[in-house]
Structures are given as C-alpha cells and as structure tokens.
Amino acid sequence: MAAADPIRLDTYREVITPEGVVLQLPAAGAMPRAVAWVIDLAVRLTVLLLMGIPLGLLGGVGQGIYAVGMFLLFWAYPIVLEASWNGQTVGKRALGLRVVSADGAPVGWLAAVIRNLLRAVDMLPVGYAAGLVASLIDPHGRRLGDMVAGTLVVHVPPRAEHRAAPLNAVYAPPLPLRPDEQGAVVAFGERAPRLTPARQIELADIAAPLTQAQGQPGVLRLYGMANWLLGRR
Amino acid sequence: MRQEQFVARHQAEWQAFEHWLQVRGDARKARGERNASAVADEEIPARYRRLCQQLALARRRGYSPSLTDHLQLLMQQGHNLLYRTPAPRWRRAARFLLADFPRLVRSEPGCMWAALLLFALPLVGMFVLLQYRPELIHSLMEPGQIAQMEQMYDPADPRHKLGRASGGDWQMFGHYIMNNISIGLRTFASGLLAGVGAILVLIFNGVVIGAVFGHLQQIGYGDPLWRFVAGHAPFELTAIVLCGGAGLHLGLNLIAPGRRRRIDALVVAGRKGARICLGAAAMLLVAAFIEAFWSSTQSIPAGIKYGVSAALWTLVLAWLWRGGRGGGDAA
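Protein chains in written order, with my numbering: chain G, 1 to 233; chain Z, 1001 to 1331.
To be clear, the hints were calculated from the coordinates, so they are not data collected in a lab.
If you're wondering where the values come from, they're calculated on a predicted model, not measured in any experiment.
Errors might be hidden in some of the hints.
Covered stretches of chain G (chain Z as the covering partner; in silico rule of three or more C-beta atoms under 8 angstroms from a C-beta of chain Z) [stated by the list, open to error]:
1) 99-111
2) 115-127
3) 141-154
4) 181-187
In this text, a Cβ means the ideal position worked out from N, Cα and C, and glycines have one as well.
Excised from the complex, chain Z in its bound form (with noise of 0.2 angstroms):
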C-alpha cells in the first residue's frame, strides 16, 4: 500500500485517538468531568495498540519521516498515559512503614550489623579513651568548639533550668530537619562510591559523638547533657546506622555484583536503598520533633527522661525486629 492511501485509510482514526488525548489526557481532571471525545474510554488501549501495529506497518513500509514521526508523538502520549505512574496513597504509606521498612533492614543483616560495628566502635571506644586520657580531645577539636559545647551544657547556667523559649524550639526543629536528614540521606548517595563514603560517615560521626560525650562526661557535664540526648537518640542514632547500612549495600553491590551486570546490581541495591533511607528520613523527623520539643525541656526531671528514653529505645528495636512478621499481607 503506498503511503496516501495509508494516510487516507487511517487518518480519521488518528485524529480521533488525538482528540481524546486532548480533551481526556490529564487522568485527573478527568475524573471529573464527562467524555467529550467520540472515543470511549475503554476503547483507548485497544485504539493504542493498533496505532502501534500502524507506526510498526509506517517504518517497515519506508513511510516518510514526517508521517513517522507524527505516529511516534502520538503513540508516545498514549504510552504516558497507559504507563504512569499511580498516585500514592496514604495507606501504602502506612504499611510501607509499619511492616515493609523493618522487613527491608532485616533483609541486609550483614550491611546493619557492620554499619553499627563502624559507628559504635569508634564511639564507644573514644568515649573510654577520654575517660583516661582527657587531654586528647584537644588533638580532635578546636578550643572554640570545646568552649562552645562546654557552655551549651553547662549545669550552672541557669538558662537550662527554664528550658528554651517556644520560638526557639521552632527554630530548632527546623535546623534539626535540614541539618541531621541531610546528612542521613548523604550518608546514603555516598556509599555509591564503593562503600567509602558510608565507612568514612559512620567511624567520623562515631569519632566525634564519643569526643564530644566523653568530655563532657569526663569534666562533670553529664547530668544535662544525656538528660538531652536520652529522648532522641533511639531514633537518630538507629536512623544514621540505617542510613550508612544501606549505603554500604549499594557500595557491596557496586564491588562485588555477584551473577548480575554490575549495573543491574546497582539498580536493585538503589531501589532497596533509597527506600530504608526514605523510612530513616521519617525516624529523623521524629528525632527531630523530639529533640526540639522534648529534650530542649530541662525542667522535666531525670526519671522521667530515662523512662520515656527506654521505653522509646524498646519501641525501636521492638518495631524494627518485629515489624512485619507474621502478617497476613506478607509481600
């Protein structure tokens, strides 16, 4: 068949299939509305693949560019359209949550346990060496920064009895959102550079926490320096392991792709990446929210600190081993 009579034969059909991409191609103000288009809805993916089988007949044939080109562009609406992607919903989010993120980690108990190996070591490990030898922390950290951490927890200052005005809370919580996700989600993207990134993160972050609690503790600050971390440490600490876990995954697979292309092996560790890191950046802002309105609060007793600190460490650990066992919508 020459290349007129093709058009000729088709040319109505593709006019109308271009009609109803215009008046009914924005899937969501079409919900509302009624169908102005000749074309019924139900009808579009049949009327897609035939236009399909047409380009395919058009370039097989040696049709012109031009009319080449303007099925492609009209196909390729079609295929936006039948291919995009689902709106999200709030219960997905929920389940993605409570049961698919502690499934996640579990699924990489090596990559967890050696991230918390890189981070707690280095801390648990500065923090007893401060005890005996005090004096190192001035080959870590600058005198500024000592001064600066030294009066921020400073038992005698009466400001920590009163606790932080609200606008000062507020204006943590923002800073503890844009500063300590961040840094979750870096910790992440980094472990693309063959895990070296998350390794470094990790002892770094372990590095420096144990410093800054093994001084304070070591010249007699401890008393409000872990009534204020108490609160938000389950969630943050456990978040920036996680991150770095999942970074140390993509840059396992990167290494070592086992009997996959390493790229294939990259997308996979991606996807299961990015979303253990998508529930560590929801346990940040709860660290968050718990950091600027519960542990800036110096005026609640010790107690009671601790308590709801175990309670929330139990919570954490509960949900994260527990979570997603045994229910009935196992993925």
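Next up, chain G with everything else stripped away, as it sits in the complex (with noise of 0.2 angstroms):
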C-alpha cells in the first residue's frame, strides 16, 4: 500500500486509496503528541477533581463511583474520543492532531481499542520511554501500540485555500519545464504576493538559471513564466 520514496524529506506516509489516489498523512512526531498527552491529563485530572468534590460528601457509595469514574477516565476516555470524535481527544484537537488507520481511513473501534491498551507497554519502564525509543526510530513517528494497532497520528492540515497568482506580464520560459519545475514555478507565483520584497528576490535568485536574471528583473520573470504556466496569453 504505501509507496515510500527514499529521496523524500518529509515525513509524510503516502498511501494510496481505492481510487487510485495518492493520499499523504503527514506523521507528527513524538513532541507534540506529548504536549498533547499533557493536556489530555490535565483534562482528567480536573473532571476527577470536580467529581471527587461532591461525590466525597456521598461515603462509600461515592467513593465507589469515584474508582469507576477513575476507571473510566484512564482506560476509555482515550478510545471512546478516538473512535467517536474523528479520532481526536481533547488533547489530540488543540494541538490539531488526528489518529487515522495506516490506509488513511478513519481509525476503528477495535484500532482505538487495541492503540490505547498497549499504552500499558509504552509507559514501560517509565515516561513512555519505550514509546518515545519506538517513535523514533519509526519512519513515520508510531509507538508500539500504534504499530500494533495498524494506526498512525498525522497533522491536521491547515485550511488550504486556493488563490490565484495576480495577473502581470506574460513571459514564456526559454527552456522546457518538467512537470514539478512547472509547479514550483506557479507556486512562487501564487505564494509570493505574500512574502516581503526581499524573499521574494531571494526566492528568485535560486532560479537564476532559468530566468537568466538576478534581483528583482528575475522576479518578474518567474511572475512571467508563472503566468505563461497558467495558460494566460
């Protein structure tokens, strides 16, 4: 299933999807799970506190459902958030990540289920040491549990919107491109109304080969071939 191109820097996982789709899940590491594991025990720790309040005035029946609610809290606020709130705790969404199914579907019942018991090996010996050792040494950042469960935690990725590159001179590349030269010159295109004059020109300046220019003449030439690239005569 998953095509792994060794010259890739990213740690993306590609997968690809009954449509014949190439989909890529960018794997988070091993530092922002643990922040958002950090949250997610803080987000237990107060429902506790706040339940242990009032059911402290109870007596033993309190305190009985003080050691469910405990019981509850560890084991299956995880897998009941994961597999019913689009694989995300409330950790997990504050630091916009997502457990997904190594084939990039949505993360089951059972996956949930199976990730989150063998949290109890990962803990091992203490701190999520052996969790941390597996993520990384793993391509794409999974613990034990993970690997176990067939799953994977990605980045959410920002809200992409598209816009168009603005419209100036038209200029027709002197060589023919191939097709990711092609992209990455309509890329500059779009992205660098964005940038400030001087990444711009340092931007540019990288494709001096092509638009034999440097500073800002080369600018406008890549703005030029962006244009031709878009299909603008």
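Could you fit the two chains together into a complex? Lean on the hints.
In structure tokens, the structure reads:
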C-alpha cells in the first residue's frame, strides 16, 4: 500500500486510496503528541477533581463511583473519544493532531481499543520511554501500540484556500520544464505576493539559471513564467 | 490544459462538493434534517470519485501545490466521510459475548492452556506446599500484610457475621473495577514484551493467590475465605487466565510470526487479543459485581454459596466450551 519515496525529506506517509489517488499523511512526531498527552492528563485530572468534591460527601457509595470514574477516565476516555470524535481527544484537537488508520481511513473501534490498551507497554519502563524510542526509530513516528493497532497520528492540515496568482506580464520559459518544475514556478507566482520583497528576490535568485537575471528582474520574469504556465497569453 | 482553464472548468463542482460537506458532513445531524445542499446525498460517491480523478490529473500535470493541496483537503474530507467507522450496535455486542468470544478463546487452545498451567501450577503448588511448610509464608509476604489478611478473614470477628454496610459494598465495587480490570488489561498488553510480561504476571498472581489461600487454610480460617471467594472465582480467575492467554498469543506472534512480516503478524494477533480482552473485561465486570454484592454477605449459608459457585463454574465453562457452536450465523 505505502509507496515510499526514499528521496523525500518530509515525514509524509503516502497511501493509495481505493480510488487510485495518493493520499499524503503528514505523520506527527513525539513532541506534539507529548504535549497533547499532557493536555489530556490535565483535562482528566480536572474532571476527577470536580467529580471528587460532590462524591466525597456521599461516603462509601461516592467512593465507589469515584473509582469507577477513575477507571473510565484512565481506560475509556481515549478509546471512546478517538473512535467517535474524528480520531481526536481533547489534547489532540488542541494540537491539531488526529489518529487515522494506516491506510488513511478513520480509525475504527477495535484499532482505538488496541492502541490504547498497549499504552501500558509504551509507558514502560518509565514515562513513555518505550514509546519514545519506538517513535524515534519508526519512519512514521509510531509508538508500539500504533504499530500493533495499524494506526498513525497525523497533523490535521490547515485549511488551504487556493489563491490565484496576480495578473501581470507574460513571459515564456526559455526551455521546457518538467511537471514538478512547472508546479514550483506556479507556486512561486501564487505565494510570492504574501512574501516580503527581499524574500521574493532571495527565492527568485535560486532560479537564476532559468530566468537568467538577478534581483527584481528575476522576480518579474518568474511571475511572467507563472502566468504563461497558468495559460494566460 | 493549463491550470487556469482547469480551475475555471471545475470550480463550480468543487464548491458544490465543499458546500455539501459543510451542510451534510455530520452524519448524525444529517439524518434528522432535509438536504439543503444542491447535491443529492446519493450523488456524493460519484462526485467524490470525479474529484479524485481531478486531483490525480492536477498532480500529474504539475499544477501548483496550492491547488493540489486544496483538492487533497476536499478529497480527504470526502474520504473520511465515506470510509467512516460504523456506529456500534447493541445486537452485535450481545452476539460477540454469546458466540464470538467463546469461539475466539477456543481458536487459540495452545496459548489458553499454557496460560492456565502458568497460573494454576504455582497456585496449587504454593497451596499444597504451605500445608506442609507453613513457615514459608514469611519468605513471601511482609508480617504486616499477613496480619492484615488474617484480620480480613478472622472467623472470630463479629463484623463478618453481619456483612458490610451497603455503602461499603459500593465502595468495594468501584475498587474491584478499577483494580481487577486494569490488571487484566495490563496482563494482555505486557504480552507484547515477547510474552515475558504475561508469563510473569500469571506466575506472580498464581503464587500470591496460592500463598494467601494456603496460609489461611493452614491456620484454620478456611471457612470465611472459601465462602467469600466461591462466588466470583469462576469469572475472575478465568478472565485473568484468558487475558494472559491473549498476551501469550501476542508475544508468540512477535517471536514466531510464521510466513508473515512480524508487524503483520502482530496486527492480526493484536486484533484477536484485544477482542478477547474486551470479553474478559466484561467477565471481570460481572466478577466485580458478584464480589461486591454477593460474596461479601457472610450471612448466607455456606451450602447456598457453594451451590451458586458450582452453578457459575458450570455456566462459565459450558459457555466457553459450547458458546457459538452450531449457530446458523457462524461467521
């Protein structure tokens, strides 16, 4: 399923959907996941504390309910939230993370159960050390529970709104470009208006062999090529 | 085709799809209200496939990342919706407990029998040993622990004649749930350490339970002890063995994956083990209920207690042995 591309530097995991399209899953590393876990811990402790105050007044019955609540918060909280709330716990939502199945589909109940039961192993010997080592070795940052459950924690991509490049001069590239090079030039045309002039020049200078110009003229030629590639003649 | 023409041609379609996702994206909410979008629900799979094709085209033709990212985002939202998790059903849960769970247990006889031996041999061995060498208990447990345990089952203590107050029952119910189910689930998970964790937990529990029972029997506190444990033992002891067996199965697949990649073997074993664990957790829940509300009432005559215990043992073993056999809906 996974089409691994060895020269890619990004931690994308690429899977092919049944429709034959490559889906890019940006795997999340240990750090944001640890922060999400701390947020979840704080949420759980707060709920426990708030629950404990009224239940403490109820005596034995209250203590019994408290223990059941503790059990549910410890074991069921991540399972139920991940399986029924779009693969996110409170902490994961705050950090923009999401648990997905290794093939990019939403995580199922059984997979959520497995990855959270096996937390008990990832926590060994102390403070998620086993999970940390596993996620540093694994190319997609999975801890042991993720590997057995066949799941992956990914970044939720920010909303990408497509903006057209500004209209200006049209300039045909002096030599034919490969599709990925065309994409890079058009991306420059679309993104450069939001960059500072200095940064625009810096980027355009990288493409000096193509534009055969340095500084501002290079930027204008790149804009022109982007327009030409977009089909504006 | 150039990018601008491509966008001009398909933009309306993408916007309609995005609007539908916003209006109808939440399946639970969408069930109750009319479709306010321009696209009918049944058209969505076809539209989604068209979008996938357009995304593939856009990538192939080297259109800008900002366009392909936008299309991929739309596609991913559609993907999440079309391939979402089905809602859990009560009927399926009942069928799992009655038929699928015993079948799962029987499908791994080797691991289950091994777990039983790893648990029962230390238990029985320790029990018998302590009848002949009672002083050995002091090399296993602290004096404080021994005193506490003796005080809990002292037949001369008048409190045991009356049973606990009902608040105490509830308190113990919560305590048993937190403790026992957590132990069961951890026993399974620790099997991932090549099975060593599960083996250690099984042996350790066997030794400790055998030591406690052996010691109390030897000093003549047997009657309150047996009356207390008889009721919930069928569920609790069996569930611990089953969790251990599931853990052994997981560890075995790590060591000897057979003709599969190790990770694939683990995924398969993990699915099976987690389902066994869910069943065992349900058994431990029943055990906690019995332990808190039935086992603790010492006023019930011993005959009834042992009768109920025998009935429950028969029920549990018959369930595991026959459950899910011969049903018409064999999966």
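The hints, checked one at a time:
no.: 1; hint: 99-111; result: holds (count 7)
no.: 2; hint: 115-127; result: holds (count 6)
no.: 3; hint: 141-154; result: holds (count 5)
no.: 4; hint: 181-187; result: holds (count 5)
Violated hints: none; the structure is consistent with every hint.
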